[in-house]
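Chain A is already provided as a structure; the job is to place chain B on it using the hints.
Same order as they appear, the protein sequences are chains A and B.
With numbering that gives the first Met the number 0 applied, the first sequence corresponds to residues 0 to 358, in that order.
With numbering that gives the first Met the number 0 applied, the second sequence corresponds to residues 0 to 228, in that order.
Read the hints as simulated data drawn from the structure, not as lab findings.
As the structure is a prediction and not an experimental result, all values here were calculated from the model.
Just to be clear, a hint being listed does not mean it is correct.
What the hints assert, rightly or not - Okay, the calculated bits of chain A under chain B, using three or more residues with CB under 8 Å as the criterion:
1. 123-136
2. 139-151
3. 181-193
4. 197-210
Unchecked claim - Calculated pairs, DSBU-like style, for lysine-lysine (alpha carbon to alpha carbon, straight line, at most 35 Å):
5. K208/A - K153/B
6. K149/A - K68/B
7. K294/A - K312/A
8. K300/A - K119/B
9. K149/A - K60/B
10. K355/A - K153/B
11. K68/B - K202/B
12. K29/B - K208/A
13. K257/A - K119/B
14. K153/B - K29/B
15. K119/B - K208/A
16. K153/B - K171/A
Virtual Cβ for every residue (Gly too), placed ideally from N, Cα, C.
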Amino acid sequence: MISVSKFIAASSPFPIMLEKGVVLDGLVYSKTPMCQSCAAKICYAAFGSSQNRPVVCPNGNTIFSFSILGLPVLVCGVVTDLSRHRLDSKLRDKFLKRTVSSQSVLKWISGVSRVLQEIEKEVHDLAVENLEAFHDVLPSISLIQRDVEKLVWREKGVGFEQKFMAASPEIKDLFKSMEILVERVNLMPLLTNPEKPRLGGRRNKHIFKMIDTLGRSFRVLAKEKRIKINLSGQSHNTPAVYGSFSAVPFVLFDNAIKYSLKDQPVEVSVNDFGAGGVEIVFQSYGPIVPEDKRKFIFDKKFRYTPPGWERQKGSGLGLYIARIVAQAHGFEIEYTAKPNSFHENEECGLNIFSFKVGG
Amino acid sequence: MFSKIKSLFARKTLQDVSVGYSYNYAEIKKRIRILVIDDNVEHFPLESFRRDGYAVDHWAKVNSEDIAKLERGDFDVILLDIKGVADKAVSPKDGFGVLKLLKTRNPAQIVIAFSGQSFKLSSNEFWELTDGYIEKPTTFIECREKIDEIIKNKITISFFWGAARKILAEKGVSDSELGVMEKQLLKSIEGNRKVDTVALLGKISKFAEASFYAAKAIDKIYSLILLLP
Chain A
0 MISVSKFIAA SSPFPIMLEK GVVLDGLVYS KTPMCQSCAA KICYAAFGSS
50 QNRPVVCPNG NTIFSFSILG LPVLVCGVVT DLSRHRLDSK LRDKFLKRTV
100 SSQSVLKWIS GVSRVLQEIE KEVHDLAVEN LEAFHDVLPS ISLIQRDVEK
150 LVWREKGVGF EQKFMAASPE IKDLFKSMEI LVERVNLMPL LTNPEKPRLG
200 GRRNKHIFKM IDTLGRSFRV LAKEKRIKIN LSGQSHNTPA VYGSFSAVPF
250 VLFDNAIKYS LKDQPVEVSV NDFGAGGVEI VFQSYGPIVP EDKRKFIFDK
300 KFRYTPPGWE RQKGSGLGLY IARIVAQAHG FEIEYTAKPN SFHENEECGL
350 NIFSFKVGG
Chain B
0 MFSKIKSLFA RKTLQDVSVG YSYNYAEIKK RIRILVIDDN VEHFPLESFR
50 RDGYAVDHWA KVNSEDIAKL ERGDFDVILL DIKGVADKAV SPKDGFGVLK
100 LLKTRNPAQI VIAFSGQSFK LSSNEFWELT DGYIEKPTTF IECREKIDEI
150 IKNKITISFF WGAARKILAE KGVSDSELGV MEKQLLKSIE GNRKVDTVAL
200 LGKISKFAEA SFYAAKAIDK IYSLILLLP
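Pulled out of the complex, with its shape left as it was, chain A reads as follows:
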């Protein structure tokens, strides 16, 4: 993923604000002395406002507020033809050669926006192309899924559910593993289609039942590490959610099992809250993310690899996908950790992911 802010900071000829209150000197122009001694800081208020017109500050600097790919950017601390008249005669003479044409600033803004948008489109198209290639795997997955279903239909009983209950543990595990594989494949479009989280509109869902079903599927993966999945709570609410919602508990289950210590339980509680809402909490025991890294855990491709866990594979996309879906629904997933809750290893403790939907 291109770091838009790094690219802009490295290429801007003008002083630039990418983070409120921090003005970086440009490649060609540094921020003016008037800017450095300014007390009013009007530019701080302008940050993130994406105004269409440049604004002149009382100190004779011009402020250009805009956004590139959703990132707020401010060109400031620069004297232009629009603001030079604000300077006293001495400063006006001093800045004669340092006065920047406002048109050149606007041209730079337009040029860099266009280039970054084109790059993003190319990256996106490449991701879609890769998914197209992956798409060829779908028929094989479907074929295996149909064969697994045929195995279940051979069992004794009336109806699919009864036959499933009568099936051998191996067939049940195979069936559940396929359910997880299918769900995992269906997470991928969330990375390339920004509209995907909201497709199909909202429908009322029994969240407790959904999480119970998911938990049963994940018991197959949890078995290997002798991890028990315990579901608790009282919930009958059915908040309106998009079809993508199941990606959130799916990722949290996956994460919990992946980074859990062996023989430790994964505790999931689902309780009603507010008017029609549901609160879900995932707790698992394992290495905790250091405090200084916690704000990054939902970022794309971020992976914190605890010491000794180097062999644990992961793409760094799971929590990022969960965040995309959470944002579409209007809620946030919170992560906290209680270090050293039970284990002598200081880097291990209780990992807690929680969120509230509806209500």
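Just chain B now, with coordinates in the frame of chain A:
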């Protein structure tokens, strides 16, 4: 308190009544005809659905002769793939073209998007036009849950009346005439007077003669009335 008083005086609609009724879904499931249009039969758990008592047909492609069957409303629910299901002669835009044709001609036709293309922004219009979506790959349990949900939400008197009303309005039947029809229909359903409801539907059908699709929607309402307790 105020909202309670307000609700007492609020005009009831067909939607309120339909929601209050419990349809015999087990019966509905046995009677509805589902059609899956997908060039790869393995994508849909066809055998599982048939063994579970659903009447499901499968077409790999839509030919020009098939369009008439689709337009006739022979199938209650259609699962439609976006790619590889229609020749250029039938639809230059493949599944999307078929979907647009069906939805334009017959608003009462329930179409579920069945595709693995949800990773593409360009296919969003397809998904949004349909009555629901099922992604590929899918499992029998997941697929059945989604289809059952769509059946419960869409195969209702209010859905078909909404479609019929829309078509009749386009054919020039006035709002006030439609309002009177709806009121009478509402009264006879609430009063559990099946015979009166059937007679009423017969009268409405006369209006619907101008439109094959409105008549089809009325037929669906008639079938559902018979299934009411």
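Which of the numbered hints above does this structure break? none
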